[in-house]
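**Student:** Put together the whole structure using the sequences plus the hints.
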Amino acid sequence: MKHIGIRQLVGIAASVALVVIAAPLFAGSSTTQTITFSVNAINEIAVSGNPGALTVSTATPGSVPDTATDSSTTYDITTNQSGQKITAAIDSGMPAGVTLKVQLTAPAGATSAGLVTLGASAADVVTGISTLNQSGLGITYKLSATPAAGSMASDTRTVTLTITSGS
Amino acid sequence: MKGRYWFTAAIALLVVRASAVDIASSGDWTQTITAADLTGGAGTDLNSQYDSPVGIATINISNVSGTWHVSARRDTGTWPAGLHLWVRRTSDGSGTGSISGGAAFVEISALDTDVFSGTETRDNVALQFRVTGMSKNVTPDTYVSSVIYTVTP
Chain A
5 MKHIGIRQLV GIAASVALVV IAAPLFAGSS TTQTITFSVN AINEIAVSGN
55 PGALTVSTAT PGSVPDTATD SSTTYDITTN QSGQKITAAI DSGMPAGVTL
105 KVQLTAPAGA TSAGLVTLGA SAADVVTGIS TLNQSGLGIT YKLSATPAAG
155 SMASDTRTVT LTITSGS
Chain B
-3 MKGRYWFTAA IALLVVRASA VDIASSGDWT QTITAADLTG GAGTDLNSQY
47 DSPVGIATIN ISNVSGTWHV SARRDTGTWP AGLHLWVRRT SDGSGTGSIS
97 GGAAFVEISA LDTDVFSGTE TRDNVALQFR VTGMSKNVTP DTYVSSVIYT
147 VTP
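Read top to bottom, the protein sequences are chains A and B. Using our numbering, the letters of the first sequence map in sequence onto residues 5 to 171. Using our numbering, the letters of the second sequence map in sequence onto residues -3 to 149.
These are calculated hints, taken from the structure and not from any lab test. Where a beta carbon is used, it is the ideal one built from N, C-alpha and C, also for glycine. Be aware that a few hints might be false.
Covered by chain B, per the in silico footprint, the following chain A stretches (three or more residues, Cβ under 8 angstroms) [stated by the list, open to error]: (1) 35 to 46; (2) 67 to 76; (3) 81 to 95.
Some chain B residues close to chain A (C-beta under 10 angstroms, calculated; not the full set) [stated by the list, open to error]: (4) S44; (5) Q45; (6) D47; (7) S61; (8) T63; (9) R84; (10) F101; (11) S142.
**Tutor:** Here's what the structure looks like:
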C-alpha cells in the first residue's frame, strides 16, 4: 500500500484550495462594441408660397397713397440650437420713394421685431429662437409709396429668410 | 520530485479553468443625424427611433462545453440622458450547439442585462442596434458609448 506523506497531503490540499478559490475569478469573458451618434446642427425654415401682388393704387385726397398689405403666407421653422434668429433681405433695393416691409410672427419663446424695412442687407426680423419646431407662423408684407415715387411698371423682389446664430 | 508533481498538477488545473468560454465581437455602429431626419421638413421634429443595419455586428462564442449566457451593459460615455440604446439578435449564427433568447430588442443600461444564451460554440451571431428618444432637444454633438458583452458558463 502506498504511503502518502504529510508533505504530499499538504500539497494536495493546497492545490484543491487554489483551484476552488481561483477558478471563479477566471470564469467568463468580455468584448466591447462602440456606438457613435453624431447630431448635426439643424436649422430649417420654409415658407408656404409667394404673397399676392402688392399694388399701391388708391389714396385719400390730401394723404399719402394707401399701403398695400398681404398676410396670406406663413413659415415653418425647426432648430435644435439655442440663441438663433431669423434675418430677412431682398435681392436688390427698392425704387426711390417705395418701401417694402415685412413682419414675422415669432415662434414660442422668441421675439418679433415687428415691421422691418427690407433692403439688400439682412435685418433681424425674429430673435431669441431656441430648440423648437413650429409651423404655420404668419408673414405680413406691406408696400408703401410716396407721391414722388410716381407710377411704375410692376417688378419683383426675392425675399430671403435665414436662420442664423445670435440673439 | 513528488512535491513538484502535485504543484504542477494544480497549476495545470488552474490553466484549464482559466480558458473556459471566450467571447469575441466585430462591428461598431456610427449614425449621423441631419436635417434629412426631420419627419416632415421645416416645422417638424426629428424621427425618434433609428435602427442600425441588420447584422452590423456579430458575436462568436468559443472554447466552451455546455451552456453559456451573454449579458450586455453600456458605459455612460458621453451618452445624453434622453437617448436609449437597444440590441437584439437577428440570426442564430452557426456552430455545434444551440442558441435562444434575444430575438426581441433588449434595452442596454449601465447594469448587466441578459441578452441571449446557448450551448457549445456559436459563430457569427448577428446583432442589430436601435436608438430611441432622439428629438430636437438633443444638443448637436457627437455621442459615444461602449457596449460590453460578458459571457458566463
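**Student:** Should the interface hint for B:S142 be scored as holding, given a Cβ-Cβ cut-off of 10 angstroms against chain A?
**Tutor:** holds, 5 angstroms
**Student:** Using C-beta distances, would you say chain B covers the region 81 to 95 of chain A, given that this needs three or more residues below 8 angstroms?
**Tutor:** Since 5 is at least three, the answer is holds.
**Student:** Should the interface hint for B:R84 be scored as holding, given a Cβ-Cβ cut-off of 10 angstroms against chain A?
**Tutor:** violated, 14 angstroms
**Student:** How about B:S61: closest beta carbon in chain A under 10 angstroms, or not?
**Tutor:** violated, 14 angstroms
**Student:** With chain A as the partner, please determine if B:T63 meets the hint condition of a C-beta pair closer than 10 angstroms.
**Tutor:** B:T63 check fails; min Cβ-Cβ to chain A is 13 angstroms, beyond 10 angstroms.
**Student:** Can we keep the B:Q45 interface hint, with Cβ of chain A closer than 10 angstroms?
**Tutor:** violated, 13 angstroms
**Student:** Let me know if the C-beta of B:D47 comes in closer than 10 angstroms to any C-beta of chain A, holds or violated.
**Tutor:** With a closest approach of 12 angstroms, the B:D47 hint is violated.
**Student:** With a cut-off of 10 angstroms, does the beta carbon of B:F101 approach a beta carbon of chain A closely enough for the hint to hold?
**Tutor:** Because about 14 angstroms separates B:F101 from the closest Cβ in chain A, which is outside the 10 angstroms limit, the hint is violated.
**Student:** Within the assertion that chain B covers the region 67 to 76 of chain A, do at least three residues meet a Cβ-to-Cβ distance smaller than 8 angstroms?
**Tutor:** violated (count 0)
**Student:** Confirm or reject the coverage of the region 35 to 46 of chain A by chain B under the rule of 3 or more residues with a beta carbon closer than 8 angstroms to the chain's beta carbons.
**Tutor:** holds (count 12)
**Student:** Return the status of the interface hint for B:S44: holds when the least beta-carbon distance to chain A is below 10 angstroms, violated otherwise.
**Tutor:** violated, 13 angstroms
The structure is inconsistent with the numbered hints 2, 4, 5, 6, 7, 8, 9, 10, although it conforms to all the rest.
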